[in-house]
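Colleague: What follows is the residue order along each chain.
Number of protein chains: 2
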Amino acid sequence: MSFEIRQKDLLGRIGKLSTKKGVLETPLLLPVVNPNHQLIKPKDLRDQFGFEGLITNSYLVWKRFRQEKAPDIHDLIQFDGVVETDSGAYQILQYGDVEVQPSQIIRFQEELGSDIAVILDIPTGDDVSLERAKWSVDETLRRADQAQATITRRDILWVGPVQGGMYPELVAYSAREMSKRDFSIYALGSPTTVMQHYRFDMLVEMIMAAKMNLRPDRPLHLFGAGHPMMFAMAVALGCDIFDSASYALFARNGRYMTVNGTLKLEEMEYFPCGCSTCHGTTPDGIRRMLPTERERFLASHNLNSCFTELQTIKQAVVDGRLWELVEARSRSHPTLQRAFQAMLRYAEALEQETPVRKRKGPFVISSSSLNRPEVIRYRNRIAERYSPSKAKSMLLIPEDALRLFTDDPDQENWISRLEKRRDLHPCSYSLVYGIIPLELVDIYPLSQTEHALTPTKEAVKILKRGIMDSLQLASYSSLIFVARLPWQKEFAKSLHAAVRGKVKFRVLMIDRSLVELTKFLGKNQSSE
Amino acid sequence: MSFEIRQKDLLGRIGKLSTKKGVLETPLLLPVVNPNHQLIKPKDLRDQFGFEGLITNSYLVWKRFRQEKAPDIHDLIQFDGVVETDSGAYQILQYGDVEVQPSQIIRFQEELGSDIAVILDIPTGDDVSLERAKWSVDETLRRADQAQATITRRDILWVGPVQGGMYPELVAYSAREMSKRDFSIYALGSPTTVMQHYRFDMLVEMIMAAKMNLRPDRPLHLFGAGHPMMFAMAVALGCDIFDSASYALFARNGRYMTVNGTLKLEEMEYFPCGCSTCHGTTPDGIRRMLPTERERFLASHNLNSCFTELQTIKQAVVDGRLWELVEARSRSHPTLQRAFQAMLRYAEALEQETPVRKRKGPFVISSSSLNRPEVIRYRNRIAERYSPSKAKSMLLIPEDALRLFTDDPDQENWISRLEKRRDLHPCSYSLVYGIIPLELVDIYPLSQTEHALTPTKEAVKILKRGIMDSLQLASYSSLIFVARLPWQKEFAKSLHAAVRGKVKFRVLMIDRSLVELTKFLGKNQSSE
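If you're matching them up, the sequences are chains V and H in order.
The first sequence lines up with residues 0 to 527 when you count with numbering that gives the first Met the number 0.
The second sequence lines up with residues 0 to 527 when you count with numbering that gives the first Met the number 0.
Check before you lean on any hint, since a few could be wrong.
Same chains, same names: a pair is fine if it fits in one copy or spans any two.
In the EDC-like style, the derived pairs of lysine to aspartate or glutamate whose C-alpha atoms are separated by at most 16 Å in a straight line are [to be verified]: (1) 40 with 51; (2) 7 with 268; (3) 19 with 109; (4) 357 with 266; (5) 501 with 46; (6) 359 with 266; (7) 15 with 268; (8) 7 with 283; (9) 359 with 265; (10) 359 with 268; (11) 503 with 422; (12) 263 with 318; (13) 20 with 71; (14) 68 with 110; (15) 15 with 3.
Source of the hints: derived by calculation from the structure; they are not laboratory data.
Here chain V stands alone, though its shape is the one from the complex (with noise of 0.2 Å):
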């Protein structure tokens, strides 16, 4: 197996790919090169700027080489890392047509000795009927069959791509026929318009529609994105590889890449990056430049942009914070947002492949982060398996008081006194978790989440239906309340109204000190 997953956060994963020529770390963007111009030297791309392969397009070599024997692709462009090359369904894309037969440029991506290639697709395109995509999906399959067969040399990492354009559930079919086949990467093709438009929502559901219906365990290649500003999104919906030409094509444009967002050079005062391409430079010197010059500056400073990117994703990952990574960079453009609502939907599926326990407790920044994996695990499992207690009474501590325990200087082991309690379950409550019996109190990550929620009318609406639940489930004869923050003390007054005449109900106002509540529990002593 080529491809090994080491760590995993929402969707994504650090990952090593094992190629002839040597092992890429996952997630990583392969830069686009030309095979026959080259902006930036290859050379220069693993030894400054650390990127470990790149990819060029076979079509390209094949025009020129067709007649003569096909060089070596690593010699040919003087790069001495891993080389994918494109088969030129690009140029179908762009010209809507080829030269090259399918079978024709596997065996060309063979004698050129790729490390990973691409068999010869259709690209679907957008702004295209059902009727023509379903032909591209169909034909591309065709050919990824008419690949298996012509296909000699199993060293190299063949790319099976998936199409269906804008339309959700051919990608889906297209993704579930194609992992029948076996490649060591799936591919998901011709975004590229998609991302032009900034349509970043559209985009998440192509993702999930062919994530959720790849084989889990071969990386996936999402064609044509380069951009910095998606690749958090892009990785926590299970993008392991991304190529760019922007990177150059920006470039030419005097476009400066941004984890924010594009910046017009001309437009710019100061540059917002501390790369070693931008360090002690400033907007103005650059735009004196020579044109050539000024292009290789800026291309220079958005691949930094990318890899850091890329090396900021990885260490998420490994924090665990990759929710809070994407939530953050979903502010900088009203269309990311719209993308992180649309990731919203899909919350269980992120949920399904997020490690248990991490090292960092999670971040709740606002109402969209509760559908975080770690809030939706522990509301799920608390639905499922909890059983409630068999005491008489249950006892609500707001979970903000919970922190006067371990700071009463006076009562030592609180938690541990009121566990004692047979008669009392006690539980603490929480806008971001509902209800936590204390005996799960210390459980990853209840105790370990910070969050920066404000008791709005619907975080209080549904902290009462969770407590109206599990009053449901367990059969209290009395709810004691503790409140301490004047909207604890409000919400008491609407929570009684609401249990009126099903269980007794009491409230224990306390302050900065637990008093009140050592005067209750020393009048009703425990039954043990």
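Guided by the hints, dock chain H onto chain V, whose structure is given.
Modeller: For chain H alone, coordinates are given in the frame of chain V:
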């Protein structure tokens, strides 16, 4: 006047601060340098890191040279840029007292030839009683008066510190009083511990209490603030100068600063950074370094991280996108999010300093963004200044349908056609702005806004209120409501119920074409 404001956004500004040693551009960070021991050479701070100024401690120099002639501070630390000297107030905060008298240290700083110098104030600290805090404010004011009488060198920019700690009313009083004294720079004292405890919401209150009571034509130095994660918000609230010992203190403790928070070197597998220090290195490699080398590496990265964030902030001010940056940064930690919520309470103050026209249209990412200056300003002005048309009917078109007008090949100049109709007052409706009369639609920022709002219950309720208000202001006898998206069709029903008996109501359903609208306008000829 030594401070010239060049560009503004929110309460943030880009300014030029003239000192006897040269001009500094604000917002700026002054790295803290120990006069007796330097991890990174002051000369390198300027040549390699780009810092034109630094801050060092005159009290520590005084302790060393009290018996001798004072050296020139630039010679002593071998730095040819701008040097601010602190006065020993930090030592008061740490050790309770200093050996030097206020007037002594003023004279000493004059002898040192500091470019910017601070009087010896009494830091309030936190966790102190109101009485103690009040005393620190009054004593600082008394010392400010004494300083004004002692100062002989007016070529030095003198800093007047504002105290009051965690008592916002005291901070406000201190700022008002200090503003009456002529200092070139004002400073907000001792929020260090507030920041150490991540009480950024408290910090917002402290800064705003100071800012709203200080003269706006002088820079505001936020003492002891040196983490890049909070610079964007502090600048948005009007802070111009920061100083940081953190870059070095964090380095000593193996901590790596990022705009999203602090990482521990020991926990890192990747550097989420492409700065000239990190480029080409790995955490593992750095961990294997000698302790001093490792500390220097981390300090260097931390300085780059601070510098880059200030550049990012300045470019955001130039673009009019500081709000977007603050909103994105506030997603990185729950405490920053709480601070962002606190900042929303000062939306009106932020509005007043934000330019009316900007280079770029605003992004409205969430309902929080509805508090941004551009939105508040439009809503205020339409309520104050707009006198409605005399037309009998109001025609309400959804903002998303306006694009159909420009895309429609058959219908040129839809808007001007509509505007010729004296009987109709065409307006668009928007989840961001409420009602926009079509004659205003081209005014910045109305048509330049991009948003990601969804028609939540609350958003739709606000829109309805806006429409009802406009109906009351004018004397329309009928309302023609155009609906295109599903929520608009739903909303039409609820609006119909609300206006029943007040005006005639009619709904026009349109889809991807304007046929319905054309038919309607054909049947209802203009009364011109």
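Colleague: Hint by hint, note whether the structure agrees.
Modeller: Taking the hints in turn, this is what the structure says about them:
For the homomeric pair residue 40 and residue 51, the shortest alpha-carbon distance inside one copy (13 Å) is at most 16 Å, but the shortest distance between copies (36 Å) is not. When the C-alpha separation of residue 7 and residue 268 is checked against a cutoff of 16 Å, the pair qualifies only between copies, where the shortest distance is 14 Å, while the shortest distance within a copy is 39 Å. Taking the closest pair of Cα atoms, residue 19 and residue 109 come within 16 Å of each other only inside a single copy of the chain (13 Å); across copies the shortest separation is 70 Å, beyond that limit. For the homomeric pair residue 357 and residue 266, the shortest alpha-carbon distance between copies (13 Å) is at most 16 Å, but the shortest distance inside one copy (42 Å) is not.
With identical chains, the CA atoms of residue 501 and residue 46 are never at most 16 Å apart, being 72 Å at best within one copy and 74 Å at best between copies. For the identical chains of this complex, residue 359 and residue 266 are inter-copy neighbours only, at 11 Å across copies versus 40 Å inside a copy, given an alpha-carbon limit of 16 Å. In this homomeric assembly, residue 15 and residue 268 come within 16 Å of each other (Cα to Cα) only across copies, at 15 Å, whereas the closest approach inside a single copy is 40 Å. Within a single copy, residue 7 and residue 283 get their C-alpha atoms no closer than 43 Å, and across copies no closer than 21 Å, so neither meets the 16 Å cut-off.
Only between protomers do residue 359 and residue 265 lie at most 16 Å apart by alpha-carbon distance; the minimum there is 14 Å, versus 42 Å within a single protomer. Proximity of residue 359 and residue 268 under a CA criterion of 16 Å is satisfied inter-copy only: 15 Å between copies versus 38 Å inside one chain copy. When the C-alpha separation of residue 503 and residue 422 is checked against a cutoff of 16 Å, the pair qualifies only within one copy, where the shortest distance is 14 Å, while the shortest distance between copies is 64 Å. Within a single copy, residue 263 and residue 318 get their C-alpha atoms only as close as 34 Å, which misses the 16 Å cut-off; across copies the closest is 11 Å, which meets it.
Only within a single protomer do residue 20 and residue 71 lie at most 16 Å apart by alpha-carbon distance; the minimum there is 13 Å, versus 61 Å between protomers. In this assembly of identical chains, the alpha carbons of residue 68 and residue 110 lie at most 16 Å apart only when taken from the same copy (9 Å versus 80 Å across copies). In this homomeric assembly, residue 15 and residue 3 come within 16 Å of each other (Cα to Cα) only inside a single copy, at 5 Å, whereas the closest approach across copies is 54 Å.
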